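**Q** First residue of the sequence shown? That's 44 in our numbering, and the numbers climb one at a time after it.
Certain hints may be false.
[Claimed, not checked] EDC-like, lysine to aspartate or glutamate: derived pairs with alpha carbons at most 20 Å apart:
(1) LYS455 / GLU350
(2) LYS160 / ASP88
(3) LYS455 / ASP415
(4) LYS288 / ASP259
(5) LYS86 / ASP375
(6) LYS404 / ASP376
(7) LYS355 / ASP54
(8) LYS393 / ASP481
(9) LYS160 / GLU350
(10) LYS118 / ASP135
(11) LYS207 / ASP262
Hints in this document: simulated from the structure, not taken from any laboratory. Bear in mind that the values here come from a model prediction, so they are computed numbers and not experimental data.
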Amino acid sequence: MEYQPTKESVDRHPVPAWYHDAKFGIFIHWSLSCVPAFAPTDKGDIMDILRKGGSRALFANQPYSEWYLNSLRIKGSPAYEHHVKTYGAGFDYYNFAKDFNAALDAWDPAGWAELFKQAGAGYVVLVAKHHDGFLLWPSEHPNPMRPDLHASRNIVGELTEEVKARGMRMGFYYSSPYDWTFTSKPITDLAMSLVRVPGSDEYRAYANSHWYELIDRYDPSVLWSDIGYPDGVNVNEIFAYFYNKTPDGVVNERWGQTSGLMRTLVHIPGIRQFTNWYAKRLWLQGHTSLPGVHYDFVTPEYTSFSEVSEEKWECVRGIGKSFGYNRQEVPDDFLGVSELVRLLVDIVSKNGNLLLNVGPKAGGEIPEVQVDRIKGVGAWLVVNGDAIYGTRPWKRAEGRTADGTDVRFTSKPGSLFAILMETPRGPETTIESLRGADGMRVELLGHAEALDWEQAGGGIKVHLDRRLPESPAVCLKMTPEPV
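Generate the whole structure from the sequences, applying the supplied hints.
**A** Structure representation (C-alpha cells):
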C-alpha cells in the first residue's frame with residue numbers, strides 16, 4: 044500500500060515478520076565520549092539511581108558515559124571533577140574528535156560484522172549521531188555550528204555493507220531532539236530533558252535532512268530515534284517516506300514532541316516538580332517517550348515487562364551500566380553469559396526482542412569482556428535457537444517445575460518450547476500445570492532422540508536419561524503442544 048503522511052495512514056503499517064522473528068539485535072554506541080570514557084559506577088544502573096535518588100541525582104551521576112559532555116556541564120558532578128583533574132577546566136570536549144579520528148584507521152568493520160553474526164544477532168543498530176552531534180558518516184548536510192564535526196571514515200556506510208553482506212538487517216539510531224553543539228545549557232532533570240531541544244528552523248531542517256539522507260543513501264530496516272523530535276515537524280512524513288521505500292522497515296516509539304507551550308510551562312516550579320514526578324513514574328514503568336506518536340515497537344530501557352505484551356517491544360540496555368565505553372567499569376559491572384541468556388529468554392517469551400549494546404574504544408576495539416559475553420550468548424543460540432528465533436508467545440509466558448525452577452514458554456505452530464532457567468539436578472524434571480497431548484514427542488534441543496515422559500498429576504514429568512551439563516537455560520520441545 045502507499046502510505047500517506049498522516050498518523051492514521053502509517054498506523055496501518057504491520058510489524059514485519061523478520062522483526063518478530065529476529066529476537067536479538069546488537070546496538071553500538073560509539074561517539075567522542077569513548078576517548079575520555081568516564082562515568083561513575085558506584086550508584087548502580089540508571090534505573091537504580093532514578094528509583095533511589097530521583098532525576099536530579101540521575102543526571103548528576105549519569106552512568107552512561109556517552110552523556111559525558113552533559114555531565115561535565117553540571118559543575119560538581121563526578122564527570123566535571125574528572126574532566127578538570129584529567130584534562131583541565133578549559134579543555135573543549137570537541138577536541139576529542141582529533142583523538143577519535145587519529146585512531147580510526149585501526150577499525151575493522153568486517154571483524155565487527157563477523158562478531159555480531161557469531162553472537163546470533165538478526166539485526167544491528169548503529170548510533171549514527173549521538174547527543175554530542177558527532178556524525179559517523181560524511182553528510183551532505185554538515186553541522187552549521189561545527190562543519191568538520193564528523194568521522195574521518197564513513198563508519199555508517201562501511202559497517203552497513205558488511206552487516207548486510209552477512210544476512211543481517213541494518214538500522215540507525217539518531218539523536219533527533221538533542222545536539223549539544225546547538226546549546227551550552229545542561230540537562231539537569233527529566234523536566235529539563237523536554238526543554239533542551241533546539242527550537243530553531245535551522246535545527247529542524249538539519250535533523251530532517253539527516254533522516255532522509257540515511258534512508259536514501261543506506262537503505263536501513265530500522266529507524267531508531269531517541270528522546271523525541273523537535274516540534275513543528277510532521278514526523279509522519281518521515282514514516283510514510285520510509286515505509287513507501289522500505290515496506291518491511293520498522294520505527295521505534297521515541298519520536299514524541301513537546302510543544303512550545305509545554306517548554307515554557309515546565310519552568311514554573313510546581314509544574315517542573317510534577318513533571319519530574321510523572322516522568323520518573325513513566326520511566327520506571329518502562330515508558331521512554333511522550334504518547335500519541337506512531338510506532339512499530341516500544342523500547343523500555345534497562346527494564347522489561349512482567350507479562351506477555353500484545354504490542355511488540357524491545358528491551359534496550361548495555362551489557363554493563365553504560366552504553367558507551369566506560370573505563371571505570373570492571374568485569375563485575377557486566378552481566379554474565381547466563382544472566383544475558385536468561386534475560387533474552389524472558390524477553391522473547393513476552394513478545395519482546397533484546398537489543399544489547401556494545402561500546403567500542405577509540406580505534407574500534409570492543410572490550411574483551413563484552414566480546415566474551417555476546418559470544419557466549421551466540422554459543423547458546425547455536426544449540427537452542429529453535430526455541431528463540433521465529434517463535435511467538437504462548438498463552439502464558441511463565442511456569443515452574445516441581446522443584447521450583449522458573450520456566451519460560453515460547454511457541455511455533457504445533458510446538459511448545461519449555462525453557463528451564465536452571466539446569467535440572469537429576470535425571471528427570473516435572474513441569475507443572477501442563478497436560479501432554481496424545482502421541483506427544485519431547486526432545487531436548489541439541490539431541491536428536493526423543494525423551495520419555497508421563498503425566499504426573501497436573502504436570503508433565505520428563506525423563507532426561509542423563510544428568511545434563513550446566514547450561515544457562517535448558518530447552519525442551521514438545522510436539523504437538525500440550526495444553
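**Q** Now, for every hint given, state plainly whether the structure supports it.
**A** How the hints compare with the structure:
1. The suggested pairing of LYS455 with GLU350 holds, with an alpha-carbon distance near 19 Å, which does not exceed 20 Å.
2. With a C-alpha separation of about 28 Å, the suggested pair LYS160 and ASP88 falls outside the 20 Å cut-off, and the hint is violated.
3. Taken as a hint, the LYS455 and ASP415 pair is broken in the structure, with Cα atoms around 30 Å apart against an allowance of 20 Å.
4. At most 20 Å may separate the alpha-carbon atoms for a hinted pair to count; LYS288 and ASP259 meet this at roughly 9 Å.
5. A hinted pair counts as satisfied when its Cα atoms are at most 20 Å apart, and LYS86 with ASP375 qualifies at roughly 14 Å.
6. Our distance criterion of 20 Å between C-alpha atoms is met by LYS404 and ASP376, whose separation comes to about 17 Å.
7. Distance hint between LYS355 and ASP54 is fulfilled; the C-alpha atoms sit about 14 Å from each other, no more than 20 Å.
8. Restraint check for LYS393 and ASP481: the C-alpha separation of about 28 Å exceeds 20 Å, so the hint is violated.
9. About 29 Å separates the Cα atoms of LYS160 and GLU350, which puts this hinted pair outside 20 Å; it is violated.
10. Distance hint between LYS118 and ASP135 is fulfilled; the C-alpha atoms sit about 15 Å from each other, no more than 20 Å.
11. For the hint linking LYS207 to ASP262, the alpha-carbon distance of about 10 Å falls within 20 Å, and the restraint holds.
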